[in-house]
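Input sequences plus hints: build the corresponding full structure.
Protein chains in written order, with the working numbering: chain A, 1 to 331; chain B, 1 to 290.
Simulated from the structure, these hints should not be mistaken for laboratory data. Only a predicted model underlies this, so the values are computations on that prediction, with no experimental measurement involved. Built from N, CA and C at the ideal position, the CB exists for glycine as well. There may be inaccurate statements among the hints.
Take a look, some chain A residues computed to stay more than 10 Å from chain B by CB distance [what the hints assert, rightly or not]:
hint, residue
1, Lys15
2, Lys33
3, Gly46
4, Ser167
5, Glu171
6, Gln179
7, Arg217
Ranges between beta-carbon positions, derived for each pair [stated by the list, open to error]:
hint, chain 1, residue 1, chain 2, residue 2, range
8, B, Lys225, A, Lys15, 50 to 60 Å
9, A, Ile197, B, Arg214, 46 to 56 Å
10, B, Glu230, A, Glu298, 47 to 57 Å
11, B, Gln247, A, Asp170, 42 to 52 Å
12, A, Ile197, B, Ser51, 35 to 45 Å
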Amino acid sequence: MAQGVLVFAEQREGKFRKVAVEAVSEGKRLSDKLGGELNAAVVGTGVKDIAGSLGSYGAGKVYVVDHPGLQNYSSDGYAKALCKIVAETQPSVLLMGCTSMGRDLGPKVAARLGTGIAPDCTALSVNSDGKIVATQPMYAGKVIVQVACPTATPQIFTLRPNVFSPSAPDESRSAEVVQVDAGISSEELRTKVKGVIKATGATVDLTEAQVIVSGGRGMGGAENFKVLEELAAALGGAVGASRAAVDAGWRDHQFQVGQTGKTVSPVLYIACGISGSIQHLAGMKTSKVIVAVNKDPEAPIFKVADYGIVGDLFKVVPIMVEEAKRLLADQ
Amino acid sequence: MGATTQNSGQLQEREPCVVNWKGRGAMKIVVLVKQVPDTEAKIEVKPGATSIVAENITYVVNPYDEYAVEEALRIKEKLGQGDVTVVAMGPEKATEALRTCLAMGADKGVHLKDAAFDGSDSYATALALSKALQGIPYDLVLCGKQAIDDDNAAVGIELAELLGLPHVAVVTKLEIGVDRRSAVCHREIEGASEVVETSLPAVITAQKGLNEPRYASLKGIMTAKKKPVEVKDAASLGLAPDKVGTQGSKAKILNMSLPPQRAAGKIVPGEPPDAARQTVKLLREEAKVI
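Written out as structure tokens, the structure reads:
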């Protein structure tokens, strides 16, 4: 009978992604309530050595498929590996981060196993039947649904990054690492990564940032983003952009926040010269605290902002930079 | 040579389309489309409901599916020949979405229409589509990376698995190999693009940036009226009632609601320079986020 929680812990270049740690932590919270085991699954090349560290977040065993052909993500390879681990551990619940990989692997495994999947979950709880109930935003966040897999197993959920709290690691705990042979041959992988083209500019994952300073149409030009970079640096954050700024060619698409860009959930989101269209809000309205700076007092962004400043961002932001440096220098 | 898949103990074999060995030959392309509410639509939910209020909303072809239709048309135009079939699951009004795609230039439509399909999750939808596609020869299946109503981003990938096909998702560039048996895609991942080679047939899910979809011309709209749209219900696809709709769904929506409103914020008073300073102070002392 299916029991316990299995977390697919995504790693990139030998390091676990932040959301993998968040997922293991949440998995532990759920398995404690469900009364079963919490195990993790790791797939890649040369990943045996990092696997045990997941024990500090509560994983009992970490099942590893380590294969030379799995250096880059491969739907066929990773799905076969994860399904092998699922077959061996028979979990009731399977969690993974809702990342590019999770968005790909989750549905493929769900279809292969004939089970249900709820992606991009922002909350998970256990109901009186011992089943997981997930909170999933739909319609670009205009609607919230509660979803469950009442009979199919494993119940698969992918977690929105930066929403679930990682637990404080207990360095004294190490997980048992179990090596699994999934019988993968490189020939059976029908898709092959021939190369990776890195995006221009600094590679900051906006979905992992705690502070984001974003610029919109009001920025007026690429070079004007410098002052946002200064504010982001002073606050230890990253710089984002609205669709208008990206379409104008001022920032790269990887930094776009919104329905057709990234969905972010930072602790602090500062929107500068952004009017606040529905499509932009879809990407950032679950931020814990929102600050808006805009010349137009009627801008819709002020409806969601916790703190609004009506004024010229080129006068306001430099002063915020000064003040932030001053205040935070006293730490 | 054929693609094989094993599902519930049933082996399914597919012969690929015959293509002239010199590499010339029409490509048969299937494009999956969905009719969804427009992004500007004000969404309402009745208490206790598991779906939105469908009245008084403008419906459109799912924007990501438009990239898929456009790409299929471009491939057909580049080859000088080909067949583009658009397939949609949806209620009666989804016919409009199919006609729009036919007006763009698709050749024929297939409409999976049956009250029994209502409430289908991504698995039940993919299952029904896989049955429909078993009756259609294809070299390539295209669809949008996600539907902007449920935002699940799962059907294309689940369909590929059920059909025993490889898939490449979130594609911003697609180049079909000269031999038509392979393709090279650019797949968007965090901070980068993966260059992925895949065998064909395959399912490719489209991301924004793949192309700029054309508008249907008036001529296109007129000729679309005469293009065939085949209607299929669950029974004609060999699907029992417990395999479709809410019954056939593995993930079930328990309830639907509007998100909690954010507590009203405040406009920080004072001249902009003072407001700026005060805001930073409040972020530190009141909100405690810096």
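Checked hints:
| no. | hint | result |
| --- | --- | --- |
| 1 | Lys15 | holds (13 Å) |
| 2 | Lys33 | holds (18 Å) |
| 3 | Gly46 | holds (19 Å) |
| 4 | Ser167 | holds (21 Å) |
| 5 | Glu171 | holds (28 Å) |
| 6 | Gln179 | holds (26 Å) |
| 7 | Arg217 | holds (18 Å) |
| 8 | B:Lys225 <-> A:Lys15: 50 to 60 Å | holds (57 Å) |
| 9 | A:Ile197 <-> B:Arg214: 46 to 56 Å | violated (27 Å) |
| 10 | B:Glu230 <-> A:Glu298: 47 to 57 Å | holds (50 Å) |
| 11 | B:Gln247 <-> A:Asp170: 42 to 52 Å | holds (45 Å) |
| 12 | A:Ile197 <-> B:Ser51: 35 to 45 Å | holds (41 Å) |
Violated hints amount to a single one, hint 9; each of the other numbered hints is respected by the structure.
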